[in-house]
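Asker: If you want the building blocks of each chain, they are given just below.
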Amino acid sequence: MAVPTRPSTQSAGLPPLPPPRSPGKKREAKKRRVNESVSTWRLTDRIGYVIMWAAGLTICAIGVGIVAFMAFKGVQYLRPQLIFSHPTVDVDQSASGGFLDPLLGTLLITLIGIIIATPIAIAAATWIVEYGRPTWLARLIDSGIEIIAGTPDIVIALFGLVLFQQGIFSWMSFTAEGGAVFGRSFLTAGAMMSLIALPMVFANTREGLQAIPAHVREASYALGKTKAATIRRVLLPSVKANISTGAALGMGRIAGDTAIIVVLLGASLRLDPSGSVPGLNVLKGTGGTLTSYVYNNSPAGEGNAAEKAYAAAFVLLLIIIALNFGVDLIARSSAKTGLETSRLGAR
Amino acid sequence: MLDRLREPWTDKRAGLMLGALACFVLAAIVFMLVFVAIKAWPSFQHNGLSWFSAKGNVDQQLDAMVNSGPNPSSADYQLGAWPLIYATLLTTGLATLLALFFSLFSAIFIVEFAPERIRRLIVPIVRLLAAVPSVIYGLIGILVLAPFVGSSLISESQKSDVQFVIPLTGTGLGVAVIVLAVMITPIMIAFTVDGLHSIPTAWREGALALGVNRWRAMWSVTVRAARPAIIAGVVLATARALGEAIMISMVAGSKGFSPNPLDGLTFLFEPLRTLAATVVEDAESINAPSMQASLYAMALVLLAGSFFLSLGSWIIKQPLKKYGTRS
Chain Z
1 MAVPTRPSTQ SAGLPPLPPP RSPGKKREAK KRRVNESVST WRLTDRIGYV
51 IMWAAGLTIC AIGVGIVAFM AFKGVQYLRP QLIFSHPTVD VDQSASGGFL
101 DPLLGTLLIT LIGIIIATPI AIAAATWIVE YGRPTWLARL IDSGIEIIAG
151 TPDIVIALFG LVLFQQGIFS WMSFTAEGGA VFGRSFLTAG AMMSLIALPM
201 VFANTREGLQ AIPAHVREAS YALGKTKAAT IRRVLLPSVK ANISTGAALG
251 MGRIAGDTAI IVVLLGASLR LDPSGSVPGL NVLKGTGGTL TSYVYNNSPA
301 GEGNAAEKAY AAAFVLLLII IALNFGVDLI ARSSAKTGLE TSRLGAR
Chain G
1 MLDRLREPWT DKRAGLMLGA LACFVLAAIV FMLVFVAIKA WPSFQHNGLS
51 WFSAKGNVDQ QLDAMVNSGP NPSSADYQLG AWPLIYATLL TTGLATLLAL
101 FFSLFSAIFI VEFAPERIRR LIVPIVRLLA AVPSVIYGLI GILVLAPFVG
151 SSLISESQKS DVQFVIPLTG TGLGVAVIVL AVMITPIMIA FTVDGLHSIP
201 TAWREGALAL GVNRWRAMWS VTVRAARPAI IAGVVLATAR ALGEAIMISM
251 VAGSKGFSPN PLDGLTFLFE PLRTLAATVV EDAESINAPS MQASLYAMAL
301 VLLAGSFFLS LGSWIIKQPL KKYGTRS
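Line by line, the protein sequences give chains Z and G. Per the numbering used here: the first sequence = residues 1 to 347. Per the numbering used here: the second sequence = residues 1 to 327.
For the record, the hints were derived by calculation from the structure and aren't laboratory data. In this text, all values refer to a predicted model and were calculated from it rather than measured experimentally. A couple of the hints might just be wrong.
Said to hold, decoys possible - Derived Cβ-Cβ restraints for the label pairs, each shown as a range: (1) V64(Z) with A37(G): 28 to 36 Å; (2) T226(Z) with L208(G): 47 to 55 Å; (3) T226(Z) with T201(G): 39 to 47 Å; (4) R117(G) with V75(Z): 46 to 54 Å.
Yeah, the Cβ is synthetic: ideal placement off N, Cα and C, and Gly gets one too.
Just chain G, same shape as in the assembly:
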């Protein structure tokens, strides 16, 4: 047996070995889906579709689960997760919009307009921003941004307006969106730069030859042609934002509350908690069966969301292949 292992591998055996290791990845995905779905089932079973609706106070429901003991009754599984889902959609959506704005313009800057000296500075910075751990972003958010917002931007009248509903301390939607946008901007810049580079230079030169200025040529020819790549980048960055747990749990105020856009500017200061942040914060009480089922249900929703976003980016990227461009 050992002798057989020592002799050089035949092609077929090498192919089988490598293929088996590659299939390990598929096994991991299938197991992940199956295990998480099995664990999540009780929560959906007891709640039905009202799991996705707003009923009662989420924080109280989760607290009740912690205290429900090893044999919870059906009432202990009660959960209306809408405030958490709404918070996830809100932070992800706003951060993606903000990051799209910044990343699109910065990518144009990097690709076409930046002087060589600034380009040599900004590219490592973007790479560094992509590599900084989320916990450091969270630390800066909670120790620098949130106190600043709490003491300087929120007026006393705003605090007293809503003090019976929710206390405003600085941590909340606005800080979370800004920090989250900073986190996902580098990814979007990378995709946009990639997309802009993949458009043939001759197209832009054609526009220049027709007499438009450099900005107009970039904006109306290259950016327009690179739209699928840009949108694919946006979708993948959205997936990243969707699953961000630690940073959000640090800077978003950690209240199961639905900020109301009708509150005007106060809306930006209201605390909230996303699905991922809830999972990470309540993970220590995961031994209570009802809590466990609820957390796995949230994880399943996140998993489904990121899966559909991956699928979406794949579909969006298809038109790009028409041009014969990369990625």
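With the rest of the complex left out, here is chain Z:
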């Protein structure tokens, strides 16, 4: 805890204030605090103190427990051939193949989602911070993104289903003979996933832009740069770290989302291309991701293959931890408490 130093405001008639505390005095203060014994506190305070320690240690225990348990199960069941073989339908767990397709599906959907979300989020954040006129519109967009951040993913999934079953989006998914648009594909699911990642990229970018001091912009204007050039050449390059933080967090959210996959991607076992154009046919087709694979192989789904579910969940957890680790690397210098709400996806 930093001890604030006070400017000595001496005025006539008053005894002079003590000089600002020096680092040497700080150590003394710390020593005194150790001597303060909890046993002299009132009973209610002592109870609160004990509960607090218990709560803190419980959180630690839960976190360590989950990671250790998943790692144990993962090491127990994860085999290299699981990652490199296609899944097949079989009642027997030993014959139902691996999860290559869901793994590719996770990577693909994460990529599509973040590619759509990042430009929109950056544009919105830049517009709000740098332009922001008219004010009511800026405030409206700001609250709009907050509303999107709070919207349940299952509602976003249902919205995507009705939106992409409209005729004008027929190029994005499989169309039946009668002209009915199926609405489920990697493209449609990725487009809806972008709504999940958007608030995180937005919040981090806006935070970064707001932290840039005004004199940086003024210096750029003084050199004759236009506002657009300032944004392009000065402001956006200097918030690169914030944008990558937001993007990595958003990718983590996309990779971990299940409801949109189940409703909007079909959650099938294999990648199921649709159409004849190579590349586009995969995007237009349905498939599954690791999350839907875990869901379907848990006792709640049809597969009921706990070993496969544990192995896939472990791979998923590794992806999430890797993304989080990336965020830590990027944001190490700027982090204050490490628990900023923009980093946890809740604003």
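Chain Z is fixed; fit chain G onto it per the hints.
Answerer: Only chain G this time, still in chain Z's reference frame:
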């Protein structure tokens, strides 16, 4: 045309472009509201306000919708969703209370009392708990917690007491609340830590100088002043809990049943199903028109709920601005 695009953008054009992209977000919200409301309309039209009441068995009504064919009659739209709404309120409310208790004390711990070594451990853990996908929580809940509850905590007499009403297998309210609380605690901790940090240190030091101990100074000055931030965090975490679908559908037993608090301890073991879980589980039969209308009606209720919670957190945060603090 291409030449014009290649030359540097003027300020006005850049502003218009960025503003248009930003407005895309608003368009998404408006479209979401309109589309979901249109799709939900038939269900409310046929049921009226009795949609929100308890009438008949929800599970049977939903099953009937799956089998109702492409041209359902008005009777096929019959739905009394109260058990699902009640289950949503129950899980969300209990999980929020539990998480509030844990997060408040842990946040105080992180901000003020934790030794540096433990703080360096607990902060990444909280961040990790926030990032773990809900399906992994659900997997642990259904493969570890539920069997444990089913075999060790539920006694045979409790099972036989209610066996003609509902079978107790372990999945149910208690497991759902615990896992849900673990899921939303990190968010609440983040908001509470933010709020506690935003209160000027001098206030607490003033209390310390008056001779109270560190716990009392923290509890009665800093926590009290940070109340709006804490409540705003609670409200947003509630919104998260409200919309959790996958995890709940895995661990809550998936029965359209209203647990009765008068059952004593058995209450905690009774299965239930929330609105969001119902949507995700019945999504595969969404092609039946009556089912489709019912699911979109549930989504509309969830959307309205999360919207009001966002609004609530915004209103609650207003007093904080008085202090000139952040967020």
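Asker: What hints, given by number in increasing order, does this structure fail?
Answerer: 1 and 4
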